[in-house]
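So the protein lines, in turn, are chains Z and R. When the letters of the first sequence are read in order and numbered with the numbering used here, they come out as residues 773 to 1202. When the letters of the second sequence are read in order and numbered with the numbering used here, they come out as residues 4 to 160.
Just so you know, not all the hints are guaranteed correct.
Claimed, not checked - Label-pair ranges, simulated between beta-carbon atoms: (1) Z:1048 - R:46: 52 to 62 Å; (2) R:138 - Z:1022: 19 to 29 Å; (3) Z:970 - R:61: 23 to 33 Å.
Said to hold, decoys possible - Examples of chain R residues lying across from chain Z (beta carbon under 10 Å, computed): (4) 13; (5) 15; (6) 16; (7) 19; (8) 54; (9) 71; (10) 84; (11) 96; (12) 122; (13) 140; (14) 153; (15) 155.
As the list claims (entries may be wrong) - Simulated coverage check for chain Z against chain R, where a stretch passes if three residues somewhere in it have a Cβ under 8 Å from a Cβ of chain R: (16) 827–833; (17) 1103–1110; (18) 1157–1169.
Calculated directly from the structure, the hints in this document are not laboratory data. Since this is a predicted model, take the numbers as computed values, not measurements. C-beta: ideal position from N, C-alpha, C; glycine also.
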Amino acid sequence: MAKIVELITENVGKVRPDSLEDYLNASGYEALKKAFKMTPEEIIEEVKKSNLRGRGGAGYPTGSKWEQLHEIDETPKYIVCNADEGEPGTFKDKIIMDKDPFKLVEAMTIAGYTFGSNHGYIYIRGEYPLSKKTMQKAVDLAKEAGYLGDNILGTDYSFDIHIRTGAGAYVCGENSAQLNSLEGKVGRPRIKPPHLAEVGLFKKPTLVNNVESFAAIPYIVLNGGEKYASFGTKESGGTKLVCLSGNVVNRGVYEVPFGTTIREIIYDLGGGMPEGRKFKFAQIGGSSGPCFGEDKLDTPLCYKETGKNGLIVGSGALLVVDDSNCAVDFAKCISEFFVHESCGKCTMCREGNRQLLRILTRFTEGKGCKEDFALIEQLSNVLPISSFCGLGETATRAVSTCIELFRDEFEEHIEGKCRAGICSFSEGGK
Amino acid sequence: MLTNQQIRDVVQKYEDGEENILAILLKLQEASGQNYISEDCAVEVAKELNIPASKIYDLLTFHSMFSTKPRGKYIIEICKSAPCHVNKSREIVKMFENELGIKMGETTADKLFTLQFTSCIGACDIAPAAKIGEKVYGNLTKEDVKKIIQEYREGGK
Ligand SMILES: Cc1cc2nc3c(=O)[nH]c(=O)nc-3n(C[C@H](O)[C@H](O)[C@H](O)COP(=O)(O)O)c2cc1C
Ligand code: SF4
Ligand code: FES
Chain Z
773 MAKIVELITE NVGKVRPDSL EDYLNASGYE ALKKAFKMTP EEIIEEVKKS
823 NLRGRGGAGY PTGSKWEQLH EIDETPKYIV CNADEGEPGT FKDKIIMDKD
873 PFKLVEAMTI AGYTFGSNHG YIYIRGEYPL SKKTMQKAVD LAKEAGYLGD
923 NILGTDYSFD IHIRTGAGAY VCGENSAQLN SLEGKVGRPR IKPPHLAEVG
973 LFKKPTLVNN VESFAAIPYI VLNGGEKYAS FGTKESGGTK LVCLSGNVVN
1023 RGVYEVPFGT TIREIIYDLG GGMPEGRKFK FAQIGGSSGP CFGEDKLDTP
1073 LCYKETGKNG LIVGSGALLV VDDSNCAVDF AKCISEFFVH ESCGKCTMCR
1123 EGNRQLLRIL TRFTEGKGCK EDFALIEQLS NVLPISSFCG LGETATRAVS
1173 TCIELFRDEF EEHIEGKCRA GICSFSEGGK
Chain R
4 MLTNQQIRDV VQKYEDGEEN ILAILLKLQE ASGQNYISED CAVEVAKELN
54 IPASKIYDLL TFHSMFSTKP RGKYIIEICK SAPCHVNKSR EIVKMFENEL
104 GIKMGETTAD KLFTLQFTSC IGACDIAPAA KIGEKVYGNL TKEDVKKIIQ
154 EYREGGK
């Protein structure tokens, strides 16, 4: 039976987001006070012990990232919180910002202190105007009370947080694109290396972490990295916020320890499919993640086991799809997303995604042909190795895994048959 | 129509103007009354911030929340990402289209509503979802659609 733990969601629903008092009563800012008595090296050591890995999608070990930035002498350094949350099916960073905004403020302040940085930025997607207001309010209240601004809590450390907005572009979640956007430029990705720890915001050393990654920091500082890690598996420390969506009874965000199986999440927490429907497949990690069938449901959620099974942890999005849906139509929906979101900088991502969508559209109209499978395969092989950033690298993953699972359905569409009755072949189907 | 003075006032409200360019443009778009940034407006912002107007145009066409053409007073954005899709968002699309008598991407003759798609708005737990301004609507049914539009019609004239 899956269990829920509350390490980073402990305050969700229990504190008022606009009340610093509530946050303080819930042991808020104890971690920052403790951090002020630690050296930066000690803090980084705890983060390393926690086995925390980036929750924005890429899963890079946070301790290593922090260590690398620490070793760079150049100043000033900047702290950036990635709150772009653009991966479809992901709605967990929103919960932290909307329900426990002071935790993010405190976490970023701890990070700022660790690196001797005086300025932090939170880049919030334009689609979340209310989260932006809530965060701004929390920043203002913290400043008024001396938890932000000059000489925090009477120390000689000063830190300010600036809230910035996006305006609707998935690629601005990619960290280097985000820094361009924060500088007022168009958010197209930068070439790496140099890494952002060396040449980041305004060409200065910069830390970029996801909201959920930051939100784990106060717990880690307060209770120790080992304690946090003990909730997870050997390699994957702590908990993950899972965003369960699609055709399940209880959709929502759940904080689960690593090691919980996908089946437990879907059935124990999610309550399974709505009455009378059958599981068809699921997709993990958002639209850039793979689709998988029943046979992989017992995979434990953790970086190692998902990797072994061709899955990812990603942002924590878990989309369940029941048998009332058509696999071809689903693939087309994903493909439309990438055509829309490709920034156009490199040819293969821009044109390749367009061609993929054209082919999939043909299938949904009953105009596909056997040769199209080879074309799709070619695109799926070429995009990951010829794209400039992670968007193009992962854009074909859902479609190719979907075809692996449901080749028979794609073939039926060539014959003008859609077993789910979603695709209509009225306009010239065979 | 915003006067040049009004545009300058908005721009000057933001410190670090250029870094806040997206916030400025969103604000101006909202203040335009027609949910768009006109060429004149873009040129004025460029002058005020001392950056080329072509850069503003690049930003406006890059981000899906901006429009360079006039739109309705209310933008109804229907989510078309996968979690909403499998919760039959296409039916919501039809309901809005029927109720307003326009297709996706179009604006009603009274300039009150524009219908458009959006990528995921983080409301997947209440899919199918739509957004009007800052307000998010979920678990939409035919009755909801009727009611929502009625409300905006009454409040929006
Ligand atoms: C196309 C694309 C979109 C991304 N979107 C997001 C996002 O919305 N939020 C996020 O935190 N990370 C996103 N990332 C990952 C970031 O590049 C980066 O790895 C992350 O912010 C680092 O923080 P973390 O280590 O704490 O996860 C995206 C990456 C790519 C390639
Ligand atoms: S891979 Fe796609 S999104 Fe990334 S830089 Fe190239 S065109 Fe832009
Ligand atoms: S997919 Fe529609 S709100 Fe997330």
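Hints versus structure:
1. Z:1048 - R:46: 52 to 62 Å: The hint (52 to 62 Å, Cβ to Cβ) holds, given that residue 1048 (chain Z) and residue 46 (chain R) are roughly 59 Å apart.
2. R:138 - Z:1022: 19 to 29 Å: holds, 24 Å
3. Z:970 - R:61: 23 to 33 Å: Holds: the Cβ-Cβ distance is about 27 Å, inside 23 to 33 Å.
4. 13: violated, 14 Å
5. 15: It is violated, given that the least Cβ distance between residue 15 (chain R) and chain Z is near 16 Å, above 10 Å.
6. 16: Violated, about 14 Å.
7. 19: holds, 8 Å
8. 54: holds, 8 Å
9. 71: violated, 13 Å
10. 84: holds, 4 Å
11. 96: violated, 13 Å
12. 122: Cβ of residue 122 (chain R) sits 6 Å from chain Z, so the hint holds.
13. 140: Hint on residue 140 (chain R): violated, closest Cβ of chain Z at ~14 Å, above 10 Å.
14. 153: violated, 24 Å
15. 155: violated, 18 Å
16. 827–833: Three-residue rule not met by the stretch 827–833 of chain Z, so violated; n is 0.
17. 1103–1110: holds (count 4)
18. 1157–1169: violated (count 0)
Taken one by one, the earlier hints fail for this structure at numbers 4, 5, 6, 9, 11, 13, 14, 15, 16 and 18, listed in ascending order.
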